[in-house]
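**Student:** Work out the full structure, taking the sequences as your base and the hints as a guide.
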Amino acid sequence: MFHSSGHNHRMDVFNPRRQKEKVVIVMGATGTGKSRLSIDLATCFPAEIINSDKMQVYEGLDIVTNKITKEEQRGVPHHLLGILDPNEDFTARDFCDLTSLAIESVLGRDRLPIIVGGSNSYIEALVDDHDYKFRSKYECCFLWVDVSVPVMHSFVSGRVDHMVQNGMVDEAREFFDPNADYMKGIRRAIGVPEFDKYFRYGPLLDEETRARLLQQAVDKIKDNTCKLACRQLEKIHGLRNNKGWNLHPLDATEVFRKRGKDADEAWEKLVSGPGAMIVGQFLYNMTAEVPPHIGSLRVPAALAAATH
3 MFHSSGHNHR MDVFNPRRQK EKVVIVMGAT GTGKSRLSID LATCFPAEII
53 NSDKMQVYEG LDIVTNKITK EEQRGVPHHL LGILDPNEDF TARDFCDLTS
103 LAIESVLGRD RLPIIVGGSN SYIEALVDDH DYKFRSKYEC CFLWVDVSVP
153 VMHSFVSGRV DHMVQNGMVD EAREFFDPNA DYMKGIRRAI GVPEFDKYFR
203 YGPLLDEETR ARLLQQAVDK IKDNTCKLAC RQLEKIHGLR NNKGWNLHPL
253 DATEVFRKRG KDADEAWEKL VSGPGAMIVG QFLYNMTAEV PPHIGSLRVP
303 AALAAATH
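Using this note's numbering, count along the sequence shown one by one with no gaps and you end on 310.
These are computed hints drawn from the structure, not numbers from a lab.
Check the hints yourself; a few may be wrong.
[Said to hold, decoys possible] Here are the computed distance ranges between Cβ atoms for each label pair:
#1 ARG190 to GLN21: 20 to 30 Å
#2 ARG261 to HIS239: 23 to 33 Å
#3 HIS132 to SER107: 17 to 27 Å
#4 PHE178 to LYS22: 40 to 50 Å
#5 GLY240 to GLU209: 28 to 38 Å
#6 ASP264 to HIS164: 41 to 51 Å
#7 ASN287 to ASN181: 16 to 26 Å
#8 PRO205 to LYS22: 38 to 48 Å
#9 HIS239 to ARG190: 31 to 41 Å
#10 GLN167 to CYS232: 24 to 34 Å
Quick reminder that beta carbons are idealized off the backbone N, C-alpha and C, glycines included.
**Tutor:** Below is the structure:
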């Protein structure tokens, strides 16, 4: 495991011979494990995480927007997460401005910025800005956590059921406003407008009709989430195939087909281990083959030696 200490990390993590600072960007469709990978990487390398999900930037609706919990963050500093008033607009330009500030702040602490989230159009606006200032300042390593579409859709459906069990309906009810604009602020999030009819008419209806309205809302959330995942995937393919982004795919499909310890082992073998190796090579300009099993995200000896 790479352990950070009190000394200056920039000479370790960032090659002093290069002018560009280094940034890691973790991409993928909703529910594929982007946040989990970013945490794994941040416990392996001295790093801080910058959220690039345009709904998770808002305060509130933690279940609806599937925010990473404090426990899941494992002490890793997060930026642009739950900081914005729910009624404010948050544009791609706003994201670029705040993320640029966050990157400089993280680099100022001699840490690696890891940008993670599903708002790929915002990431594109950041990286491929009109005058290419971003690419002139930073060198990027793109990790793409991928899951086959049928497996992803099945998981998304189960995740929505789990969110409902964890209090999603009551959380969304607190934000219900019959005069709300679902095109503004956090109310654009999937899991808010779908409940409108249920919250609006439910109290006036009999129990059976009310239950049917609730199920229709949940089914619509599942459908819209699957459609979102497909759009995200299409966008990622476009960035790779049409714009030439050098994305490193990490196929997590087998992880989602397994359970318990087997799933954790598959995650280390197929996602977190190779991901750590790719980032290590990116940071230290080393070449090495990905071992079949890294286990507990231990940085390979060749990479670890480069840090001392």
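**Student:** What hint numbers does the structure not satisfy?
**Tutor:** Hints 1, 5, 6, 7, 8, 9 contradicted; others consistent.
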